[in-house]
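Protein chains: 2
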Amino acid sequence: MDKILCVISGGMDSATLLYKAIERESVVEAISFDYGQRHKKELEYARALCKTLQVRHDVIDISAITPHIGGSSLTDDIAVPDGHYTSATMSITVVPNRNAIMLAIAYGIAVAREATIVGAAMHAGDHAVYPDCRPDFVRAFDAMQKIAVEGHGNPDLHLWTPFINATKTDIAKEGESLGVDYSLTWSCYKGLDDHCGLCGTCYERREAFEEAGIDDPTVYAITGIVK
Amino acid sequence: MDKILCVISGGMDSATLLYKAIERESVVEAISFDYGQRHKKELEYARALCKTLQVRHDVIDISAITPHIGGSSLTDDIAVPDGHYTSATMSITVVPNRNAIMLAIAYGIAVAREATIVGAAMHAGDHAVYPDCRPDFVRAFDAMQKIAVEGHGNPDLHLWTPFINATKTDIAKEGESLGVDYSLTWSCYKGLDDHCGLCGTCYERREAFEEAGIDDPTVYAITGIVK
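The listed protein sequences correspond, in order, to chains D and E.
Count along the first sequence from 1, then add 1; that gives the number in our numbering.
Count along the second sequence from 1, then add 1; that gives the number in our numbering.
Since the hints were made in silico from the structure, they are not lab data.
Please note that the accuracy of each hint is not assured.
Said to hold, decoys possible - Computed cross-link-like contacts, EDC-like style, restricted to lysine to aspartate or glutamate with a CA-CA straight-line distance of at most 20 Å: (1) D:Lys147 x E:Asp137; (2) E:Lys52 x E:Glu26; (3) D:Lys4 x D:Glu24; (4) D:Lys147 x E:Asp143; (5) D:Lys174 x D:Asp216; (6) D:Lys42 x D:Asp59; (7) D:Lys4 x D:Glu26; (8) E:Lys147 x D:Asp143; (9) E:Lys147 x E:Asp157; (10) E:Lys42 x E:Glu26; (11) E:Lys147 x D:Asp194; (12) E:Lys4 x E:Glu151.
All chains should be modelled from the sequences, with the hints used to inform the complete structure.
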């Protein structure tokens, strides 16, 4: 039986990944990263989701690293851009090399726990801006890790990125068929009581539900949003 | 002009790397990792060496990660093995995936600082036990990183591991020609006032100087060592 270590953020993509892992009848565990996000809501949602699903969940604190990397509105005191994702607005939300760092740590944990799979929820919608969300990155990372941990941990250990060529709309559709409760997920870059509805991830979230033709359970802070 | 970010431990291999980088007439900076080592002597030596060489030095604290990975006598409460390095004794000094984790973080910093080179001091003596010290790991890691940070940082950024096929004896010889002051380096896994002279890294250190025919400036705690 596989043992899957899922990297989850508290957002809808990785929540769907978690449900998909559970459906595989594997041992499923999850980790999230505290990289000094300006608010911890997504980590709280990740923790609550795992509690609901009875999945072991650990938060890995890498916030001491982020000040050395910087350059991102996700952690720095730069305004979060509103509006639809474009290269121009999204590029300031990049933490350099974030996925390679998080996945390398996930592999270290996976080796220690003798897991067979590291699961991550990168998807096609992020390809334009984040090079470390693309299929060629996933292939190169998996190849690197096969060498790096040879002889340690489970010999079958590999990377699983089932959404690498899926859109967020595809993910929402699959999530509905898996019974994902998206009210237990958080996407917004801002830390308000409700989703702001205006930042890049809120736009993406709203669009995904709308295009998938699924009822959006999210409460948005702004009024008059055309769902 | 190149900007080289060297990953240094405080030991003799990465000290030699640092001198070699400086010889290249590049901008040279250094980082070390606090991964929860049982003693901080090597970090103190790294800091002092950089101060002497007037090189910017930052310690990256990843000690919050290590408890999730575990399994190593370098961080856990397991006795440090004495005697010469062999697979049997060295395997318990492995932190799973340590080099991939540290190098991924180093790349994040290198992107943020627009460095052209990440330098690391892996060498042939570690190949037997540490898969992430081998040439094929270095190639795979460099290939992965080229994809992961495409479009961010300096486009020339690459990994530099000049000792990947060198023995520790080769490194000591090169260090002497570079004028490395090895009294400013620390190898011992134990945290005594002086090098213990008996643990795996002390054995390696003593052997390297002896085989290179170089005077060993190290003070060893044990007496009667045949240098």
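For this structure, which hints from the list above don't hold up? The structure breaks hints 10, 11; every other hint is satisfied.
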